[in-house]
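Fit chain B to the known structure of chain A by using the hints.
Chain by chain, the residues:
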Amino acid sequence: MALEYRGVSKDFVTNPDNPLTAVRDINFRVEEGEFVSIVGPSGCGKSTILSMTAGLYQPTRGEVFVSDERVVGPNAHVGFMLQKDLLLPWRSIVSNIEFGLEARGVGKAARRERAMKELRHCHLDGFENHFPYQLSGGMRQRAALARTLAIDPEIILLDEPFSALDAQTKLLLQNSFGGTIAAAGKTTLLITHDLAEAVLMSDRILVLSERPGTIVAEIRIDLPHRDQPLKRRVLPEVSRYAAELFGHLKLEEKAL
Amino acid sequence: MTVAAQQAGTRVPAGVKPRRSFSLARHGTLLASLGILAGFLLLWEFLPPALDVPKFIIPTVSDCLVELKRMWFQERLFSHTMSTAFYTVLGFAIGSALGAVMGYLLGMSAFWEKVLSPYILALQIAPKVAFAPLFIMWFGYNAMPKLLVTVLIVFFPVMVNVLQAMRTVDRDLVNLARAYKLSRWGIFRKIEMPSTLPNLMAGLRIASTLAVIGVTVGELVGGNTGLGFLISYGGGQANAAMVFNAILFLTLIGIVLYTVLARVEEKILHYLPKAEH
Chain A
872 MALEYRGVSK DFVTNPDNPL TAVRDINFRV EEGEFVSIVG PSGCGKSTIL
922 SMTAGLYQPT RGEVFVSDER VVGPNAHVGF MLQKDLLLPW RSIVSNIEFG
972 LEARGVGKAA RRERAMKELR HCHLDGFENH FPYQLSGGMR QRAALARTLA
1022 IDPEIILLDE PFSALDAQTK LLLQNSFGGT IAAAGKTTLL ITHDLAEAVL
1072 MSDRILVLSE RPGTIVAEIR IDLPHRDQPL KRRVLPEVSR YAAELFGHLK
1122 LEEKAL
Chain B
4 MTVAAQQAGT RVPAGVKPRR SFSLARHGTL LASLGILAGF LLLWEFLPPA
54 LDVPKFIIPT VSDCLVELKR MWFQERLFSH TMSTAFYTVL GFAIGSALGA
104 VMGYLLGMSA FWEKVLSPYI LALQIAPKVA FAPLFIMWFG YNAMPKLLVT
154 VLIVFFPVMV NVLQAMRTVD RDLVNLARAY KLSRWGIFRK IEMPSTLPNL
204 MAGLRIASTL AVIGVTVGEL VGGNTGLGFL ISYGGGQANA AMVFNAILFL
254 TLIGIVLYTV LARVEEKILH YLPKAEH
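Just so you know, the protein sequences line up as chains A and B, in that order.
Under the numbering used here, the first residue of the first sequence is numbered 872, with each subsequent residue one higher.
Under the numbering used here, the first residue of the second sequence is numbered 4, with each subsequent residue one higher.
Hints in this document: simulated from the structure, not taken from any laboratory.
Glycine included, each C-beta is placed from N, C-alpha and C at the ideal position.
Among these hints, one or two may not hold up.
[As the list claims (entries may be wrong)] As a list, the in silico BS3-like pairs of lysine-lysine whose alpha-carbon atoms are at most 30 Å apart:
1. A:LYS955 <-> B:LYS277
2. B:LYS270 <-> A:LYS979
3. B:LYS72 <-> A:LYS955
4. A:LYS988 <-> B:LYS184
5. A:LYS1041 <-> B:LYS277
6. A:LYS979 <-> B:LYS58
[Stated by the list, open to error] For the chain A half of the interface with chain B, some residues (derived, Cβ under 7 Å), not all of them:
7. LEU927
8. PRO930
9. LEU957
10. PRO960
11. GLY971
12. ALA974
13. GLY978
14. PHE1002
15. TYR1004
Isolated chain A, as found in the complex (with noise of 0.2 Å):
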């Protein structure tokens, strides 16, 4: 399998008396190829798992493990996206994926070839000698999967990267993102808020409760057309299912 959690909790540490735990004792796996989602209320932990799976801080308790390797530290296997595009403004696009590349002791030449096949991938021919800022905020986000994608990561790790889009922006680029994963065959895990982006993207949807964030759901999404969002969206069951995901965030109950 891909990714796996075995009993991880995590405590920030801020007041030695009263320690923040912002998830505990979470498990779950990903198999290899699979899209999952992770949806939870703000504050419930889900940008903490995907640092933990990249790496950046370890777990209190439990262990995470990539690839059946245990994560100790940032490492190959992944690559990871945030809501910002984090592209580099001083650099090109081209340049900017190459980025991931070059701490990995691959030449110039094969560099460049890997990046210019990624950008043709995530569709921004003839863009690669533009900087950033003449993107627009869709294409920088493509620019940016094309960098995630130029490492050859054995999963991908996806923090809200359409929230910042306006919503039809958002449509285009979930079903662009949605056909080059499904190309590349990537492992990928989804954090977002979004339901209904949760039910078209995903194979499988985790909820998270509210902090200390656990896994209080799993929901199988038994949908074709994972690889065309905007196809699945016209279908009936979609509604249905993120009625459960409401049901499951109880949101109703908030609403009052």
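Below, chain B alone, put in the same frame as chain A:
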């Protein structure tokens, strides 16, 4: 794809179109600026004599021009100017290099930054030009004191700007670089250094104007070369025109240095979108 491509596509002509009206507007402001200059020069030429202000208080423009010619041929104005320009650039280069290095070093160590920050603040507030007589006592009447004053005065704005920028480097960018397994040096070279470049350049621009002040004070207090010396010499002779001319040349040195830096900045920071007016 198409939506995004269209957005990007419309941006290019949008950047070209307003240029015409922009140049017209700039023409207008240029004319107005020149008009103010002409008015000022006319007032300067005719108002003081009309009010019976003596020449040694306010010399007229033509007095200054006559004096300028005399200074050029009899007071070695050119070599004084070159000397001042040389020490301005040298002091600026040394001071800003030291300031940048110190800013980056402190920016990488929160511990040392905290330990040293009260002293840095004190030194930053202390009027650097007041050190000039001390430096003359220590090093004598040579180029060293004015160079030291300049280095000292240039050092702080550069260091403070760099340090400030190092503190505000995007943590997510650093995390991204860490996830890509860049070394500490790699993170500095590829993330922190370029991120702080706009602030470094801003610090250099401020420092360039201060460098002229440093050298001038050094020359005023001691020595027998440079425009600062001409100012104190002219002042001693009640030759106000000489002082005016020396100030003009000092300003020119500052403007040249500033303009060069602004050009370099524009070249280096080409990737920042220009503010639209």
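Against the structure, the hints come out as follows:
no., hint, in the structure
1, A:LYS955 <-> B:LYS277, "holds, 21 Å"
2, B:LYS270 <-> A:LYS979, "holds, 25 Å"
3, B:LYS72 <-> A:LYS955, "violated, 62 Å"
4, A:LYS988 <-> B:LYS184, "holds, 22 Å"
5, A:LYS1041 <-> B:LYS277, "holds, 27 Å"
6, A:LYS979 <-> B:LYS58, "violated, 70 Å"
7, LEU927, "holds, 6 Å"
8, PRO930, "violated, 17 Å"
9, LEU957, "holds, 5 Å"
10, PRO960, "holds, 5 Å"
11, GLY971, "holds, 5 Å"
12, ALA974, "holds, 5 Å"
13, GLY978, "violated, 17 Å"
14, PHE1002, "holds, 5 Å"
15, TYR1004, "holds, 4 Å"
When each numbered hint is compared with the structure, violations occur for hints 3, 6, 8 and 13.
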